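This is what each chain is made of:
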Amino acid sequence: MEQSGTSPLLPGTVQDLAAGVVSALRGGDHAPPVVRTVADDGADRLLLAAVRVTGADLLLPNVLLRTAPHETELALFRRALEAFPPRADSAPAIRWSHWAMIRTLRRLEPPGPGRRGDTPPEPDASRLDAAPWQVLTRQLAVLAALAVPGEECAVTRAARRRPVDVSRGFVRAVRRRDWQQAAGAGRWLMLLDGVPTTLGLEAGLDFVELMGGTDPRVALQVQAARSIRAGVFV
Amino acid sequence: MTDTRLIHTVGVRALEWLWSHREGFRLEPDVDPEVGFLERLKPVGELALICKVLFREGVAGARQADLARRLLDHAWRETLDGGAHLVLAQRIEPISPIPFEVYLPFRELGHSRPEIERAAVLNHRTDSWSAFEMTPTRRLGLSAFQRRFGLSPRPPEADALAGTWLARTPEPWTVEGHIAYDITHAVFHLTDWGEHPDGLPPNIAGYLADWLPVWLDDWLDLRRWDLLGELLVVDACLPRPTLDERAWTAFAAAQQADGAMPALRSMPEGDPDQVFDVVYHPTLVAAFASALATSRALSELAQAAAS
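Heads up: the protein sequence lines correspond to chains A and B, in order.
For the record, in the first sequence the residue sitting at position 102 is 102 according to the numbering used here, with numbers rising by one throughout.
For the record, in the second sequence the residue sitting at position 76 is 76 according to the numbering used here, with numbers rising by one throughout.
Hints were generated in silico from the structure; no laboratory data involved.
Here the structure is a predicted model, which is why all the values come from computation and not from measurement.
Ideal placement from N, C-alpha and C gives every residue a C-beta, glycine not left out.
Take the hints with a grain of salt, since some may be wrong.
What the hints assert, rightly or not - Facing chain B, a subset of chain A residues (Cβ under 7 Å, in silico):
1) Leu81
2) Arg168
3) Arg172
4) Gly200
For reference, chain B alone in the conformation it holds in the complex (with noise of 0.2 Å):
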């Protein structure tokens, strides 16, 4: 098994990054509306799900629960401008789940913006709500959000599940990268981010556990960072988590000294907004596996000394 220190240190590297690059998540208020000013929300939307996870996950250790908290905190303060973002991105494409999603977590730990909360409740009344176009996972995490909010999720998270590539445990050797990446949030939605590993119906967690260590060893051999680490997530979720030493071990070896992960193979290079954009979310990422992986690991650590 891996050495739970080298798992640790890439999330607080990552973590340390994500801190001092804070600017870099940053909205365009001035956008031309037909490129799209929701668009930029899906960073932050991404930002805060994860560092929810980091800070009640507790084992991310104190100081990294510290930044995850101040993240959150800058983020909603600074690139939100404490919600108002969200209520004019709302007003831009009333229909839009985007605003809901990105509010969510915030809500959770205790942020407030009343008008995202009255929309979010007016259009789950409406049917076209329930009838947007939008890719069956991610369907599935729309009614996985509504399902946390509190309100009742339409469609059920069952039939909702029902339409994922995963939940059809389909053949794995056709799984490419789109593929994949729908395995992988299906698995986040299933699990609320990591938080109910449990959620993970038997015969889905059966299936990954079959099939998972050879997509870890595709991804990682092709040096594809973000990927690789959204499957060694996955794997932090299943009811016995490998925390495969040789994945972890290449994915600590590509983090930067800074605690960037590069997405693809190696550290892009040019306009520093414009790495960001390819970099954060590969080094959420690790911040995110390292988090889930590094709770798993003590588990099993705490299980295997009381037995």
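Here chain A stands alone, though its shape is the one from the complex (with noise of 0.2 Å):
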């Protein structure tokens, strides 16, 4: 993410609100994860760019959980989400990261006079299409944050598109040891049709998360990808 060079700090603050999310959806802790971070609501910009980083998935464990998100959290997503708006010539990973975090916004937002409006038209995802598998699969890891349950955007109806080809790219991540591409590929694939059944996505997930799970980043998608399989959300 183009915001990521404003601190040596980022990465960990980062790996801080990752680990958060990772235990909300565990439901292990229920305390919001920004304000694990940080007591109060005068947040640095640093931790605002930690949010920006982590984007939509901040919120995950609200949206598959159906919980109302704490107000110092939605506050500082909300802050974050104007603080580092789309450049004119950003690219399609940023715009679709910025997009989804206004779609979790608008999901999340208590109605009212503080609401801002729709989701706004979604960006280009046309590429994607005539992407390799392995492209394909590494756009997509990077967008995991919009693999959702039941909402859909063109990013989501290419991936449906090629159950196929993701699952391969989930097989050139693991034996590239990409834990953090395998593990956002797997929770693409959780929310694919078709397939192919002599994937192994459980016990590969199992095998991304023993491999590279001390990383907060790579455990959030596997816990998401668990989540998403269990549909404690429908």
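Two independent chains are provided; combine them into the complex using the hints.
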């Protein structure tokens, strides 16, 4: 993400947020991740940037578990959105990540005067259809926050059209020990029909967690995949 | 789809190298028995199996079919001394299946050595031969060879297949180098080394169609040309081969000007015999993959023209 060069402390803060999301998804800790990280709302730009990097997944526990987000967290989420708008020349992944945050906000915001309208038009996803399976999977893994049950968008539809290709990308990522990509692809696969049964996805996700799960960003995607599979939210 | 000429040229150059380096297929009759005389038969067996396919396949072109036949005749007459070395090997290790395995392709092309045949028939009768411990994939190969020889395979090929890694179509993300070679060899045995692609059961063909593209991608990037070549053979055995352009282009580019194919990354240097021992196999595989892929590409063109 283009904002990620703002501070050498950013990766650590992003990991802290991811660890908080994992904990909340597992149901072991109901404190909102951001609140665990900062006690008050005097969030500095580092935290805002970390929230922007984490993106819509920061509120994934609320989406999946159908719980209301903490007010502080919601406010911070909104501020991060406003602080880092996509530029005219931003890559599609940045635009989609931004779009996913707005969609999540619209879904979780209580109705009322603070609400700011509908989700804006979708960014372009036309390149995904022509992308080789390796590139498709890499892109989808970056956009794993869009892999949410019950939500449709152009990226979801592109993924649905190519379940075997995404499965191949999962295998490729595991073979190359790119655990972040493998976990993100695995999360997408939980949403797709037509995944070859020989893939062994569930054992594969356990393997990804075993090998790469000490990185909370990997653990977040694996846990998201499990939660999607368990269907606790429907 | 890959340019058929590019695929074809890889095989032409590989066979020229094999022919000009044919003396490298050598036995060591005076080797210490503890080291094992039979070990050096393996390259000759591989040469015979693959050259037989090249000779029979026909698409290799007149020059290649001729070279393949001459290589086989050289291996029989010079390297094996008309089969006498196979007889010797059988006397050193009577229960070993290696002399029989090396013999079979020569026999299919008309060479004969009755002592080996009698030993094969006798071994086949023993429980020891079917109990002989070997990997499941090699066991499948031995059953297939018994069938090709005219014996009733012990165990039957379907039973032998069931024990292989490939037959169980396991998680594709667990595949590493050794497993990949088990996969390619199971396919070789199921298809009689590419002669009968329809020997692949549909579920295995479907499994390979799903996952072979990943393995090609992987070992291409690792520049493991020997394994990549074997995977390209597997591709050519599928009902719908991909003839993967990226893999074939890189494979062709890895081949040396004289036709040699390095096993891994780039060509080794040093003693010519040692270099031969490292590169003869990937070069043979290159000739093999080229012949099968050319054949499939041409039949697809013919089908497209007819429809």
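Status of the hints after comparison with the structure:
At a threshold of 7 Å, the smallest CB-CB gap from Leu81(A) to chain B is about 36 Å, leaving the interface hint violated. The beta carbon of Arg168(A) comes within 5 Å of a beta carbon in chain B, closer than 7 Å, and the hint placing it at the interface holds. Given hint, Arg172(A) at the interface with chain B, holds; its Cβ is 5 Å from that chain's nearest Cβ, closer than 7 Å. At about 3 Å, the closest approach between the beta carbon of Gly200(A) and any beta carbon in chain B falls short of 7 Å, and the interface hint on this residue holds.
Checked against the numbered hints given earlier, the structure breaks only hint 1 and satisfies all the rest.
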